[in-house]
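Chemist: Sequence:
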Amino acid sequence: MSPTSHQHRVQRIYPPATLHHRFDAERLLTPPPSPLRRVFDIELTLPIPSTALLDSVPAASKETPTGQAMIRKPSGEVTRLAREGYNLRGALGWTEGVYSEVQASVHKLADLQLKPVSFSKQSSADIQRVYGLATELHPFLRQYENNWPIADFLRTYLKNKAAAANRKKTPVL
Numbered sequence: 001m002s003p004t005s006h007q008h009r010v011q012r013i014y015p016p017a018t019l020h021h022r023f024d025a026e027r028l029l030t031p032p033p034s035p036l037r038r039v040f041d042i043e044l045t046l047p048i049p050s051t052a053l054l055d056s057v058p059a060a061s062k063e064t065p066t067g068q069a070m071i072r073k074p075s076g077e078v079t080r081l082a083r084e085g086y087n088l089r090g091a092l093g094w095t096e097g098v099y100s101e102v103q104a105s106v107h108k109l110a111d112l113q114l115k116p117v118s119f120s121k122q123s124s125a126d127i128q129r130v131y132g133l134a135t136e137l138h139p140f141l142r143q144y145e146n147n148w149p150i151a152d153f154l155r156t157y158l159k160n161k162a163a164a165a166n167r168k169k170t171p172v173l
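Just so we're aligned, residue 1 is where the sequence shown starts under the UniProt record's numbering, counting upward by one.
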């Protein structure tokens, strides 16, 4: 070594990492059953609303001759807020659970009973069948005048479904 160069001693701050680590054996989990190997019933299976969810359904505004309370449809069109319309979720005043449950069952009924075209192009008999099935699943819907919540769910769902079907038909340039 030359007299002008100094060597510095290197001190490690951390101990050297070793490649010897010990891990505990993991328990192997069995995979969930594959839906591809499961046979599903073709019947309509929709959830029946629980009584706790139905407690949030609003009170009715007028009585019919049969004594059943009826709730009137708000003025305007659903989802047309700029044109003095209304928001369906706000107009109904249901809890999130009731709203989601009714919406899901009406959408499923529409998929099973109706064509993927707009509400106005559906046959009246098919619409009436969906009204009947929806009120069987959710009896509290009978207190709404002319089934307007079901009709509004159907209008928005079928409008979106028809638009999606049209997008699939037309080629993108």
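It should be emphasised that the hints constitute simulated quantities derived from the structure, not laboratory data.
There could be a bad hint or two in this list.
Under the rule of at most 30 Å between Cα atoms (straight-line distance), these lysine-lysine pairs were calculated in the BS3-like manner [stated by the list, open to error]:
| # | residue 1 | residue 2 |
| --- | --- | --- |
| 1 | K159 | K108 |
| 2 | K73 | K115 |
| 3 | K169 | K115 |
Pairwise CB distance ranges, derived in the manner of DEER restraints [stated by the list, open to error]:
| # | residue 1 | residue 2 | range |
| --- | --- | --- | --- |
| 4 | L81 | S118 | 54 to 64 Å |
| 5 | T30 | E96 | 27 to 37 Å |
| 6 | R167 | A25 | 13 to 23 Å |
| 7 | E26 | A165 | 41 to 51 Å |
| 8 | L81 | R167 | 46 to 56 Å |
| 9 | R167 | L29 | 20 to 30 Å |
| 10 | R27 | D111 | 16 to 26 Å |
| 11 | E145 | Q113 | 14 to 24 Å |
| 12 | I13 | A104 | 26 to 36 Å |
Don't be surprised by glycine CBs; every beta carbon is placed ideally from N, CA and C.
Chemist: How does the Cβ-Cβ distance of E26 and A165 compare with 41 to 51 Å: does it lie in that range?
Modeler: 47 Å, holds
Chemist: Against the 30 Å threshold, does the CA-CA distance of K159 and K108 hold or violate the hint?
Modeler: 15 Å, holds
Chemist: Take the C-beta atom of T30 and the C-beta atom of E96, compute their distance, and say whether it sits inside 27 to 37 Å.
Modeler: At 35 Å between Cβs, range holds.
Chemist: At the C-beta level, are L81 and R167 separated by a distance inside 46 to 56 Å?
Modeler: Taking Cβ atoms as reference, L81 and R167 lie about 25 Å apart, which means the hint is violated.
Chemist: State, for the Cβ atoms of L81 and S118, whether the hinted interval 54 to 64 Å holds or is violated.
Modeler: Between L81 and S118, where Cβ atoms are some 20 Å apart, the hint is violated.
Chemist: For R167 and A25, compare the CB-CB distance with the range 13 to 23 Å and indicate the outcome.
Modeler: The hinted range 13 to 23 Å is violated for R167 and A25, with Cβ atoms some 52 Å apart.
Chemist: Given a hinted range of 14 to 24 Å, is it respected by the beta-carbon distance of E145 and Q113?
Modeler: 22 Å, holds
Chemist: Does 20 to 30 Å hold as the CB distance between R167 and L29, or does it fail?
Modeler: 41 Å, violated
Chemist: The hint says 26 to 36 Å between I13 and A104; measuring C-beta to C-beta, is that right?
Modeler: Violated, at about 60 Å.
Chemist: What's the verdict on K169 and K115, does the C-alpha distance respect the 30 Å limit or exceed it?
Modeler: 15 Å, holds
Chemist: Please check whether R27 and D111 have a Cβ separation lying inside 16 to 26 Å.
Modeler: This hint is violated: roughly 41 Å between Cβ atoms.
Chemist: Is the straight-line distance between the alpha-carbon of K73 and that of K115 30 Å or less?
Modeler: 25 Å, holds
Checked against the numbered hints listed earlier, the structure breaks hints 4, 6, 8, 9, 10, 12; every other hint is satisfied.
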